[in-house]
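2 protein chains.
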Amino acid sequence: MKAVRTIEELRSGIRALQINLGPEATVGLVPTMGYLHEGHASLIRRARKDNGIVVVSIFVNPIQFGPGEDYETYPRDEARDLALAEAEGADLVFLPSVETMYPQPTKTKIMVSDITTRLCGASRPGHFDGVTTVVSKLFNIVQPDKGYFGMKDVQQVAVLQQMVQDLNMNVEIVPCPIVREEDGLALSSRNVYLSEEERRQALVLSRSLREAAAAVSEGTAVTAGDIRNLLKRVISQSPLADIEYAEVVSFPGLQPYPDDEEISRKDEAVLMALAVRFGRTRLIDNRLFNPKEAN
Amino acid sequence: MKAVRTIEELRSGIRALQINLGPEATVGLVPTMGYLHEGHASLIRRARKDNGIVVVSIFVNPIQFGPGEDYETYPRDEARDLALAEAEGADLVFLPSVETMYPQPTKTKIMVSDITTRLCGASRPGHFDGVTTVVSKLFNIVQPDKGYFGMKDVQQVAVLQQMVQDLNMNVEIVPCPIVREEDGLALSSRNVYLSEEERRQALVLSRSLREAAAAVSEGTAVTAGDIRNLLKRVISQSPLADIEYAEVVSFPGLQPYPDDEEISRKDEAVLMALAVRFGRTRLIDNRLFNPKEAN
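Chain order of the listed sequences is X and A.
The first sequence: position 225 = 225 (the working numbering), numbered continuously.
The second sequence: position 233 = 233 (the working numbering), numbered continuously.
With the rest of the complex left out, here is chain X:
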């Protein structure tokens, strides 16, 4: 494995591998913000399985953080990240500086409308513009056949799929399952921010999603309103939980279902999505399911 910091090194590294492996070798890209955990490891493994060449990028992208968000304090551990990427079989790790990615402040942004305004977009204006812009830069730099993204950031997956489709980009977005701790907490680099007590109470996120899905399947929650109420009721059992949203929306359109809409017999992808603050830490989690199949 080779770690590189400049665009030129990365491109020549990919070219060298392509010459070695021949034109059949596809390129898989795993874009990350570093502080890698088992969720990222699962993405790298999947990319390794699918492709001849695996590139991992590690870049804490300033333009996707809003004022007052945690750009400065976002956890970083380059040495550990490199060891993990190597252990999972990455060929190249790209660790650009901010100056490499933004030699001048970017005047160009890629903006996806509509689906970026809801859920996380409502409280993080400009966040998804920063994500689509940096991901398209990485796509242009690496020119991957496939890009791997975790479903924990489900709205990000929907937004990137929309971008790729609208702009005819030559890359397939591969969504990968959420990886959880044994007790259900979805893995996130931000989990390190949690105090022991917050960490314990944060289990209500996955629990509320599990209980809601079970209630839909058992017929005790029928409408979107029932599901929203159930999610909020369960989460509120944690006194430290401050709910930002607890939503039921279509996927990938992310249209909220009206409260009185019957969800339990829908034969389509339905997304339950949560954002909850514990102290200064904002956690998200979600569950995508087909109510008809769950019955």
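By construction, these hints were calculated from the structure, which means they are not laboratory data.
There may be inaccurate statements among the hints.
The list treats identical chains as interchangeable, and a pair is accepted whether it falls inside one copy or across any two copies.
Said to hold, decoys possible - Simulated pairs of lysine-lysine, DSSO-like, Cα-Cα distance not exceeding 27 Å:
1) K266 x K107
2) K2 x K266
3) K2 x K49
4) K152 x K107
5) K146 x K109
6) K152 x K49
Computed from a prediction, not measured in an experiment: that's the story for all the values here.
Add chain A to chain X, keeping to what the hints say.
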């Protein structure tokens, strides 16, 4: 030459040529809105000289027209366009329908800030977002090494160069010189809109630019204000001319020089740019020059 209407046909047409010509054959793209004239012909010839494979696209892009603009009436003549493209040696002409380019209304737009707000951007809000979005789609579909654009649309060239740089796109924007009628009128598909009298009076555009450059070179126009006054004075000699702007700005930054700024000794690219209406027809023209070298 082959004319194709779908993305699949285009991509397989390019692939076939690449297999035939080998990996050294670069791809040149000439994006147009059709109704081709000698200006477009010069772009195709330049692309032919530079590349193994030449693709011309013809697409009147609805999302770069504002309400009340001439999308519906924009001149079209497919048969003549195909004959011209063939005569100039194009390999492939891509004539997508609106449904092919926008199977759903696009939620994704590429937006360049700052330099899109001035000159034509001031009177055509959203125009350059439509241009950058469709050009990036064409770049993703064709994957050209070089894209050819006429300098008559000088702001478009600046905006596209900004986009390519900011997003790390793998394509070189090649600006090509303005082509003029013998009497100086810059070629434009929109010239067909002009009445005989408007056509005659429209010569003030190129004449004002010529006279202003001469005045700078002779030292009779020194400041940006002098140049603006001269441009407006000459254009106003045509009673049908309705000036939208007559500007002196830096290039490619498109920053307006203050009226009292001395231009005549600058050793940098200076752009004089005009937009003038004749009846219902909006014409643009410009001249890019280095005052120091012109002296």
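Run through the hints listed earlier and report the numbers of any the structure violates, in increasing order.
2
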